[in-house]
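Number of protein chains: 4
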Amino acid sequence: MLSPKEIVDTMIAKDFFSQWLGIEVLEANEGGSKLKMTIREDMLNGFGIAHGGITYSFADSALAFASNSHGQKSVSVETSISHAISLKASDTIIAEAKEEHCSNKIGIYSVKVYKEVDQSVVALFKGTVYRTSKVW
Amino acid sequence: MLSPKEIVDTMIAKDFFSQWLGIEVLEANEGGSKLKMTIREDMLNGFGIAHGGITYSFADSALAFASNSHGQKSVSVETSISHAISLKASDTIIAEAKEEHCSNKIGIYSVKVYKEVDQSVVALFKGTVYRTSKVW
Amino acid sequence: MLSPKEIVDTMIAKDFFSQWLGIEVLEANEGGSKLKMTIREDMLNGFGIAHGGITYSFADSALAFASNSHGQKSVSVETSISHAISLKASDTIIAEAKEEHCSNKIGIYSVKVYKEVDQSVVALFKGTVYRTSKVW
Amino acid sequence: MLSPKEIVDTMIAKDFFSQWLGIEVLEANEGGSKLKMTIREDMLNGFGIAHGGITYSFADSALAFASNSHGQKSVSVETSISHAISLKASDTIIAEAKEEHCSNKIGIYSVKVYKEVDQSVVALFKGTVYRTSKVW
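Protein chains in written order, with my numbering: chain A, 2 to 137; chain B, 2 to 137; chain C, 2 to 137; chain D, 2 to 137.
Worth flagging that the hints you see were computed from the coordinates, not collected in a lab.
C-beta: ideal position from N, C-alpha, C; glycine also.
Incorrect hints may appear among the rest.
[To be verified] Below are the EDC-like pairs computed for lysine to aspartate or glutamate, each with C-alpha atoms no more than 16 Å apart in a straight line:
{"hint": "1", "chain 1": "D", "residue 1": "K15", "chain 2": "C", "residue 2": "D43"}
{"hint": "2", "chain 1": "A", "residue 1": "K15", "chain 2": "B", "residue 2": "D43"}
{"hint": "3", "chain 1": "D", "residue 1": "K89", "chain 2": "D", "residue 2": "D119"}
{"hint": "4", "chain 1": "D", "residue 1": "K37", "chain 2": "D", "residue 2": "D119"}
{"hint": "5", "chain 1": "B", "residue 1": "K15", "chain 2": "B", "residue 2": "E31"}
{"hint": "6", "chain 1": "D", "residue 1": "K15", "chain 2": "C", "residue 2": "E101"}
{"hint": "7", "chain 1": "B", "residue 1": "K37", "chain 2": "B", "residue 2": "E101"}
{"hint": "8", "chain 1": "C", "residue 1": "K15", "chain 2": "D", "residue 2": "E31"}
{"hint": "9", "chain 1": "D", "residue 1": "K74", "chain 2": "D", "residue 2": "E31"}
{"hint": "10", "chain 1": "B", "residue 1": "K116", "chain 2": "C", "residue 2": "D43"}
{"hint": "11", "chain 1": "D", "residue 1": "K99", "chain 2": "D", "residue 2": "E28"}
{"hint": "12", "chain 1": "B", "residue 1": "K37", "chain 2": "B", "residue 2": "D119"}
{"hint": "13", "chain 1": "B", "residue 1": "K15", "chain 2": "A", "residue 2": "E42"}
{"hint": "14", "chain 1": "C", "residue 1": "K99", "chain 2": "C", "residue 2": "E31"}
{"hint": "15", "chain 1": "B", "residue 1": "K113", "chain 2": "C", "residue 2": "E101"}
{"hint": "16", "chain 1": "C", "residue 1": "K15", "chain 2": "D", "residue 2": "E42"}
{"hint": "17", "chain 1": "A", "residue 1": "K15", "chain 2": "B", "residue 2": "E101"}
{"hint": "18", "chain 1": "C", "residue 1": "K116", "chain 2": "B", "residue 2": "E101"}
{"hint": "19", "chain 1": "C", "residue 1": "K113", "chain 2": "B", "residue 2": "D119"}
{"hint": "20", "chain 1": "C", "residue 1": "K37", "chain 2": "C", "residue 2": "E97"}
{"hint": "21", "chain 1": "B", "residue 1": "K15", "chain 2": "A", "residue 2": "D43"}
{"hint": "22", "chain 1": "C", "residue 1": "K15", "chain 2": "C", "residue 2": "E25"}
[Claimed, not checked] Across the chosen pairs, the derived CB separations fall in these ranges:
{"hint": "23", "chain 1": "A", "residue 1": "L27", "chain 2": "D", "residue 2": "K116", "range": "29 to 37 Å"}
{"hint": "24", "chain 1": "A", "residue 1": "D119", "chain 2": "B", "residue 2": "L3", "range": "35 to 43 Å"}
{"hint": "25", "chain 1": "D", "residue 1": "K37", "chain 2": "A", "residue 2": "E28", "range": "30 to 38 Å"}
{"hint": "26", "chain 1": "A", "residue 1": "K37", "chain 2": "D", "residue 2": "K15", "range": "28 to 36 Å"}
{"hint": "27", "chain 1": "C", "residue 1": "S121", "chain 2": "B", "residue 2": "K116", "range": "41 to 49 Å"}
{"hint": "28", "chain 1": "A", "residue 1": "V136", "chain 2": "B", "residue 2": "K116", "range": "25 to 33 Å"}
{"hint": "29", "chain 1": "A", "residue 1": "G49", "chain 2": "D", "residue 2": "S87", "range": "25 to 33 Å"}
{"hint": "30", "chain 1": "B", "residue 1": "K116", "chain 2": "D", "residue 2": "A90", "range": "40 to 48 Å"}
{"hint": "31", "chain 1": "A", "residue 1": "Q120", "chain 2": "D", "residue 2": "E117", "range": "29 to 37 Å"}
{"hint": "32", "chain 1": "D", "residue 1": "K116", "chain 2": "C", "residue 2": "D119", "range": "22 to 30 Å"}
{"hint": "33", "chain 1": "A", "residue 1": "K99", "chain 2": "D", "residue 2": "K106", "range": "34 to 42 Å"}
{"hint": "34", "chain 1": "D", "residue 1": "K99", "chain 2": "A", "residue 2": "G72", "range": "28 to 36 Å"}
[What the hints assert, rightly or not] In silico negatives: residues of chain A with every beta carbon more than 10 Å from chain C:
{"hint": "35", "residue": "L27"}
{"hint": "36", "residue": "Q73"}
{"hint": "37", "residue": "E79"}
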């Protein structure tokens, strides 16, 4: 059976979009993950700030890594995100995913995204996953 | 005063991430927008399907264009997305944003993302924006 | 096998909270439902308007009736609601639930709540259900 | 200027629905609140478990008390809830609201609902409020 770290390594090796985002895995454990990335010019929207989809994608990757860590393949079914502050190019952000509930079929996770420099909250994300019967 | 089409053209000209996604604007009108894009290999996750953040980002751009169309700058405050089916490379998808409510300060939008080929629903997105006092 | 109408009748007969709300079933069909209720004084909050939980509960009942209509017992896993306008005592509201997606295990529904008098949107609700293997 | 406790006392005195729910305020402070209630027979749905709207309403009251605690009247604009486990009559539950972000116009809150007996998570709620310019 694979460890959480091995599962995340396997996932990210083929996760081309997380690679494009420049996501670095700081921690991967049972039910949790901690990631880091830095905003680039090509991630900005028409307001000159990071597109909301960038922060969402970052949090969604943290959810994927945390929810698959038990060895059972899990897919996101519904997620929501609240945006607190905007980000500019060169801002470095951290995502921390935490398992709030895990039953046979359903898992619930909260992900906090914050700036590395002063820990100010960038976004709050909540996601529910469906835990399939397939294993990593 | 700019037309919805002129506002969206202005927004997308500087929206580097929507450009990376390859978003094409099919329609832009007061309170609504219709977009198109095609999934590429570099948008896939560790499962070999489109990363959830890609569908979200696409819907979020549709929300941004629809909610800014009245000429008042609007920013997303909370959004949620439900994923119905997964996408593979070369799938072409459409996003249609619809204004459900618009008051002085708050706007509510639903966005449906579906496959171009058979109109099957890919994701259902709902978003609330805060309408600032700044104009385009 | 029970019809959608028979399933909803069975559900509401024991649904004491929907009874307390005074919910009336206008329509019940495969994947959809249409309900009606009227705001009372004991449903108001400290602002003198209907508590957000009243509108949510009304939409959640519409979701439950719509998602169980196929005969397979279904439970809500994640839902979100956007509040558009406030309600006062004696306002009559309608909820219309619509199935947006239905697969073996997961169903996605949107519910629109609006005032009967002028059809103005009160709230927009989106919900994802897990479809169990038990039948009505 | 009123204290958080005085604001919540003022709110709940007229909050007839929170009274019907039997909500007891355990704590009220700047940006946070802690509430308690017990499930009754008339709060059950057709499955014989607490209606999803009960847990939502409880969390929504916690949000309202926490977000109004600064003295500025605040209204919920979008909220979402993930249901983890079901509740039966006589179960006692606790809601803890925590402020995750607070700016001039927008506040973001997470609310955890758990069983008093063993602290198992019942639901995870996230809400965004619009902070009006009116004061308590």
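Broken hints, by number:
Hints 5, 6, 7, 8, 10, 17, 19, 26, 27, 29, 32, 33, 37 contradicted; others consistent.
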